[in-house]
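J.: Since each chain sits alone in its own frame, please combine them into the complex, following the hints.
Residue numbers (the UniProt record's numbering), protein chains in the order written: chain A, 1 to 358; chain B, 1 to 309.
A few of these clues could be false.
Only pairs whose alpha carbons sit at most 30 Å apart, straight line, appear in this in silico DSS-like list of lysine-lysine [as the list claims (entries may be wrong)]:
#, chain 1, residue 1, chain 2, residue 2
1, B, Lys303, B, Lys185
2, A, Lys14, B, Lys303
3, B, Lys185, A, Lys227
These are calculated hints, taken from the structure and not from any lab test.
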Amino acid sequence: MSFIRLEPRGQASKTMVYATPLLAVALTLLSGFILFLAMGFDPLKALYSFFVAPVTSVRGLGELVVKATPLVLCAVGLAIGFRANVWNIGAEGQLTLGAITGGGLALAFYGEGGWWLLPLMVIGGAIGGAVWAAVPAYLRLRFNASEILTSLMLNYVALLLLNYLVHGPYRDPDGFAFPESRLFEADAVLPILWSGTRVHLGALFALAAVAGGWLLIARTFIGFQIKVIGLTPAAAGYAGFDQKRIVWLTLLLSGALAGIAGMGEIAGPIGQVTASISPGYGYTAIIVAFLGRLHPVGILLAALLMALSFIGGEAAQIAMGLPKAITGVFQGMLLFFLLASDVLIRYRVRFGVRRAAA
Amino acid sequence: MNDLALIGPILAAMFAAATPLLFAALGELVVEKSGVLNLGVEGMMLVGAVCGFAVTVQTGSAVTGFLAAAFAGAATSSLFAVLTLFLLANQVATGLALTLFGVGLSALIGQGFVGIPLEGLPKLYVPGLTDLPVVGQALFGQDIMVYLAVAAVPLVHLFLYRTRAGLVLRAVGENHTAAHALGYKVLRIRFLAVLFGGAMAGLGGAFLSMDYTPMWAENMTSGRGWIALALVVFATWKPVRAMLGAWLFGGVTILQLHVQGLGIDVPSQLLSMLPYLATVLVLVLISRDVARIRLNAPACLGKLFHPDA
Chain A
1 MSFIRLEPRG
11 QASKTMVYAT
21 PLLAVALTLL
31 SGFILFLAMG
41 FDPLKALYSF
51 FVAPVTSVRG
61 LGELVVKATP
71 LVLCAVGLAI
81 GFRANVWNIG
91 AEGQLTLGAI
101 TGGGLALAFY
111 GEGGWWLLPL
121 MVIGGAIGGA
131 VWAAVPAYLR
141 LRFNASEILT
151 SLMLNYVALL
161 LLNYLVHGPY
171 RDPDGFAFPE
181 SRLFEADAVL
191 PILWSGTRVH
201 LGALFALAAV
211 AGGWLLIART
221 FIGFQIKVIG
231 LTPAAAGYAG
241 FDQKRIVWLT
251 LLLSGALAGI
261 AGMGEIAGPI
271 GQVTASISPG
281 YGYTAIIVAF
291 LGRLHPVGIL
301 LAALLMALSF
311 IGGEAAQIAM
321 GLPKAITGVF
331 QGMLLFFLLA
341 SDVLIRYRVR
351 FGVRRAAA
Chain B
1 MNDLALIGPI
11 LAAMFAAATP
21 LLFAALGELV
31 VEKSGVLNLG
41 VEGMMLVGAV
51 CGFAVTVQTG
61 SAVTGFLAAA
71 FAGAATSSLF
81 AVLTLFLLAN
91 QVATGLALTL
101 FGVGLSALIG
111 QGFVGIPLEG
121 LPKLYVPGLT
131 DLPVVGQALF
141 GQDIMVYLAV
151 AAVPLVHLFL
161 YRTRAGLVLR
171 AVGENHTAAH
181 ALGYKVLRIR
191 FLAVLFGGAM
201 AGLGGAFLSM
211 DYTPMWAENM
221 TSGRGWIALA
231 LVVFATWKPV
241 RAMLGAWLFG
251 GVTILQLHVQ
261 GLGIDVPSQL
271 LSMLPYLATV
281 LVLVLISRDV
291 ARIRLNAPAC
301 LGKLFHPDA
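Isolated chain B (complex conformation) (with noise of 0.2 Å):
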């Protein structure tokens, strides 16, 4: 009876815990569909959580909050893109170069911040339908934030496989030589694709800043953003299975709270590895499928690209 009664938050909290990864690994997704490989997410997700949180406090507006961080965490994003597709610096060593700047950067701009309470989101609220038991909570009671969310799953779908800027995207990411012989412009759509990718990162971070936990605390992602590039492989660069896969890791966190509820005694430290554990392993399980990761994944992605050469 009681382990029923459970259900229904359990349910309600796995969402909410997927909705940072959902939101970043869906940015990268697009970021590595045009042939761009960025590993600074958790950096950008950073400087989103550092710079939405800020502003909310500054402003006290929740949305001028996630507009600022989706701004900033699109401006982190083009120190990488201008590096990486005007000065062809390595995409990896930028990538991580990002994290680093990103941990540096939101601890300095968020040092006034540490300790400061935010209220979070409202939460929605259908009579009758909220009310249901078991999944009244998890499917009506959400905040905006976590709908928004899902609602770019079949958003970023549609454009990627039902839009002409979809189709010459991917095609950007699989061959950039014939899309550029085609009279593409490579970096200009590169670029696009860079700066959604860090606009995604940062309304991820503001998320965790602004509703999850509402409070910021330094290096507060505690490795999402590298989840979420897990995540993107685990999906096979498919949107929908991106969002299965934070569902999956959001019902893994949760999991890790409840199961010292539930009377079992295992050391706090021990179950809080289990989300990086968890992606390591779904991480083997996807990857040991050779044919599928070479099918699926962009043919350059990683790779370099110089208009004159």
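Chain A with its partners taken away, still in its complex shape (with noise of 0.2 Å):
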């Protein structure tokens, strides 16, 4: 009939699976240099101020771990959860929870602090995103809700939430009114790692939970119960896997890490609790997640990318005038392209007109 048809594959392509992230990257460069000439910039200068120049130093480098750390927490948590079919896109919200709870934490032993503050910020920080991500698994199990819809507005309930308490309790009782909170004492700041940058603990604890997430996913019955459910549903009925508890289990799971990552936040390159601690990591963890393959090394490659989206959107304000939104634009059209391109995993391409049956 038409001229270009899909045609289903017997079996899903192994190749595509790899390339299309590869194609999708290429794709959004493609549509850069176009947007950027429309702009009225030197497309090639802009790349290269946007994606090259950001890590030609040390710190530039530095910076790159930096952004994707939380990008690789929260990722990690989301994509177990989608492979079981459960929508967290709460990501923000609980990792807000985590700097609230793990910020409370510093400050409320500011000056009494000691080795042990660090690892209770981290429980506390985990509990946190824990606890708010609880909320739409209760509702979900309990009483149905789309747990989509719910973890989305739990985001807006905890920005306000941080905005009240920075204005409010956490607020610097020295700090001339700013909504802003103390400084934190050197005992609840993550040390850190590398020299010369601002690199600090909270990236091994995503490397941590890279590992952890592969070891879930591929070597334990849970990774087995997960992949099930979310392929087949009905067959997972049949095996009487728990739906229940994977459900509990995932978005539990998936808030702790955003918790962590928002702890991280606070006491690692920020070092306070400020009404802004996140431009959107929850968020573009969503985009990490899909363009890992929801794989957990997969996830780490494509938090970098997505970090070196963060630093070449601020690197090319700086050096070029662009505005910053162009991070968000970038960050979307890779998603879609992704999207896009992978329909080659299951179908083909094929043209010219197909003939009837013989």
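T.: Laid out in structure tokens, this is it:
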């Protein structure tokens, strides 16, 4: 009928699973070229200052790791949920809650901390994020409410809560009414791993999450259950898998990881609680999870790329006066191209008119 | 005495606050009735908001602005339509992508328009009626878009339940395989429904930036697209109930602004949580009745369709 047809493949193409993210990146760069040209910038120079120049220094490479850290932590958790058809899109709020609880502990023990304070903050951040994620889990299981909408609504609630706290209870008593907390003391700040950069201990948490996420998915019975539920819920039902338990587990886990990410931001690069702790890491982590093929190692690579889009946006803003908003456009385009080219995994493109079967 | 004088303006503001939600929810309702779940409402509203605003500033004509907003919303939604309908991408993921993209794109387009004031639309004035106590301003003192949104409710209802095209659209949403077997163009019908949803979301966004708070700010929809999605569930896919839901949320939004005026001392950030918490509450109340959701939700909602398979 039509000239271009999609023909189902007998089996999903393994090659395409790995090729389409690269194709998507290439298409995004091409569109970026056209976009810069249309906006009246020298496209090659703009792409260079966006994607290459920021990482030509040690400091720049460090920033890449700093920005990739929360993305990895959030995306690993989200990906485990997405595999089980649990659509947690509340990582931004869970990250914020982790910053609120972790930061609250730092402020509560201000002046009387010790070596135990940082571990306590990590646990506190994880609990904060997990509690925030427990709400959509409970509402889905008890009341059948879509976790997509509830987890998203809680993002706005969490941001407003943070805003209230830094204007009120968390505010620095000597801070001339600025909406930010005191600067944390040394025992509430994550140690720097790489001198000359801002890379902090949180980067190791992210690597641990990658390893743990891989183990969980690839090597445990729970990971197997998650995959079966995601691919064929009915089969999981016949096999007697406890689907409720998997919903709880995936949401609590992703919430806890996002909470640790939030705690890592305020105890790492920021060093205090402020009203804006994330440039949208929780949302970008959704893109990271898909771009990384819901696989922890893929997520690590995708997070570095997305981190580059954040620092590239900042660098291009300074170097060429490009609007910062272009970061979001790039991120959105990348996900679009990925989703579009993913059709190649399960379908072949055929040209020409199909002949009727003889 | 004083309290009674407040009711009129509150009621009037409630209908205005409900208008962007109503536009977006009605559009999404038609989309979902055709079996497609487009989570990109927030993104389409933002693109509509910024395009409507920019065009109005450039041309000085609000009508052109609203037309541009509807067109921009539809154009944005066509991305979603191509991906999910022809390239068989996951609807949830693509909808999220549309929102993320819309947030970025609208910020990029709007950077030159931050801080420019706009006049807003003229309000209706009917001598006598508009001056009526309490209800006068609310019913007879709004601008044209508020009335258009309300007028769209019976139109959408009549289209869905009293026309052949509406029947076909619902059939496609309930059972795309059967509709396809009967010879209906499933993908074409869904494509048109998605475009309509995009145009309505664009109008809703433009109402915000051109009229409700006549200015452009990044992310100015602040979750209204998502609330509209929740409204469709709340309405169990029925247009009239979507309108009631939009009024309810308009009321919650306005309440939050007036509570402090009434001398109740609650931090403003906590009050601003109300619409979001109300959305969660309403979702919970309606979704707990599993049978009702199952009866009313289009059976093919969110499912992919490939005509050759």
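J.: Let me make sure I understand: some of the numbered hints might not hold for this structure. Which ones are they, in numerical order?
T.: 3
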